[in-house]
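Peer 1: Make the full structure from the sequences, and use the hints.
Number of protein chains: 2
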Amino acid sequence: MERPKVVLDTQGGDRGPAEVIGGGLLALEEFDIDLVLAGDRALIEREIQPTLKERVRHPRKVRRLHPEVLHAPEVVTMEDAPAEAVRRKRESSLVRGIEALKRGEADAFVSPANTGAVMAAALLRLGRIRGIDRPGIAAILPTVQGRNVLVIDVGANVDCSPENLKQFAVMGSVYAHEILGVEEPRVGLLNIGSERRKGNELALKTFFVLEDLPHFAGNVEAHQILQGEVDVVVCDGFVGNVLLKSYEGGASATVELLKKAIEKDWLARLGAFILIPALKNFKRSLSAARYGGAPLLGVRGVVIIAHGNSDAEAIKNAVRVAVESVRHDLVGKIERGIARYLPIAPSKAKEVTA
Amino acid sequence: MERPKVVLDTQGGDRGPAEVIGGGLLALEEFDIDLVLAGDRALIEREIQPTLKERVRHPRKVRRLHPEVLHAPEVVTMEDAPAEAVRRKRESSLVRGIEALKRGEADAFVSPANTGAVMAAALLRLGRIRGIDRPGIAAILPTVQGRNVLVIDVGANVDCSPENLKQFAVMGSVYAHEILGVEEPRVGLLNIGSERRKGNELALKTFFVLEDLPHFAGNVEAHQILQGEVDVVVCDGFVGNVLLKSYEGGASATVELLKKAIEKDWLARLGAFILIPALKNFKRSLSAARYGGAPLLGVRGVVIIAHGNSDAEAIKNAVRVAVESVRHDLVGKIERGIARYLPIAPSKAKEVTA
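Those protein sequence lines, which keep their order, are chains F and H. To get the working numbering, take the position in the first sequence, counting from 1, and add 1044. To get the working numbering, take the position in the second sequence, counting from 1, and add 1044.
No distinction is drawn between identical chains; accordingly, a pair holds when it is met within one copy or between any pair of copies.
Only pairs whose alpha carbons sit at most 30 Å apart, straight line, appear in this in silico DSSO-like list of lysine-lysine:
id	residue 1	residue 2
1	Lys1249	Lys1377
2	Lys1304	Lys1324
3	Lys1049	Lys1146
4	Lys1049	Lys1377
In short, the hints are calculated from the structure, not lab data.
Peer 2: Pasting the structure below:
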């Protein structure tokens, strides 16, 4: 297979383009990829010069380490209304980057910009995979068992139908199988009880709809997910987003309390040298679900959404997620998965463009 | 004020009546209350005999420490359909206990039974406070700042209207003011972003409706709540239940990872002697929100729902919550709060009886 070519949107992140570019260079160094930096050419050239000079001692590396630049002077901000921004800001790194993907000039697109705008650009320019009414954002969480669990949707669709959740289930299963390496992913429906008659209207209806999927493991409750009870969790984007932020909040609060306990005691302070890094790692991997690059599943191309506040390390990880998706032909596999498990044309749902 | 009289439903808990009775006796010993144990008389008498004998050396205490018994041979189980159980099982400790409250023979009712059945019994027998369409279950969570935060609803109403959430906001504020001692409780709407145009349909509409309440602090995200950003959080019961279980899950996973890190390192093991209890305390108080007794706000009486899996300590804490609510005339204060902030008759919502 050829080297995957990844377009990185350098604009729209909370920390500014330099941080994103730095992440891109880290990725270029670590992974066997071609990199395209989309954004203001002058700014990008200025940022990458020092890094390139530093590497002049290893001339064979330099060519590969020199990213391409896709000039795009406009910026989509967090304040922009998504669909409007995509229509109006045609010179933005977001629109130009997605269009490069559409034309087949690149294999994946990574962006830390306004999630709604990335979604809108992907929907309007790339379109959806046949059989998918709405794409969903997947988050990969760590579990205490060491394996990962995928949660979909974590914010793309705040109001969903049972059919949407069924499509998420199939896409999530394909991802878990292909990228996370789970032989037969167990799919759980996020709910507030284990019995099938539990839940709100959406959950009650979705249980019924999910039953004809293989490996449907029934309801799963929020306190069971990090225990690794299932491999894929489906829910609407509002609840999924609350779930993600709650885990992070619960883990952060625990670590903060730990620090307070440490301040009070010298013996504890000793142990802390060892414990704090372990906990921080876990907190970090929980946070990474939010910060490190979440695949947007269901559009016709590999699109990875990095959190707006991503640092260079988080951007690098988002690029890694992109590379893995390309190498496993994720889009093709999802197309085949949908054709297999959702053979009947699903009901048409409203488009999400706002 | 007279000594509050609390009816404790000894049946329907996962751990059996002996554990619940044990919790009642702990409460009787610690708080200045009269206790009524509702359940099977023979079983209750058998359970309390050893405790009473042990205390015979302090004869002055014995009279007060002897709980009354309210004989009720029927049991409402976790499998019972709530409304039907209330109608059919008239001899149950749940129905008899609630009826004692209704007749003014007791001041509060505490039960670890089937949450839906407790709700149904309270709704059908006690009725709602004027102006309240649906009662909500409140959970009291710890924050890293030390103060508490109240979340309502955490499971009573899985599908809500904006008006329901507004009523929760008023009831939660009254509770936070009266019981948690917050001068002017700040109320947050659980949402997935801070901007007012964020969220699902319910959140968007509710923001608008909450704006005419004093101390409305806008949207609050799940990772901010344990940081103590607000005093009261309103949400529908499905999302609230997910939130609660996620915090617990996040904290539990962190503690488990800590234990694993400790096993690998002797220095860490030293520190752990100090750290683990601190963390367990926090985890416990997070769990207590679920296990220790959650007030059902909006019905015409003090009703406290203990988790089905409560141990004796958790039952004691649930009785404590009951006693505080009685001492502060919580029901009267909520009635006045509703009359003040929701003067217009709210829209009628569907009854929750299922």
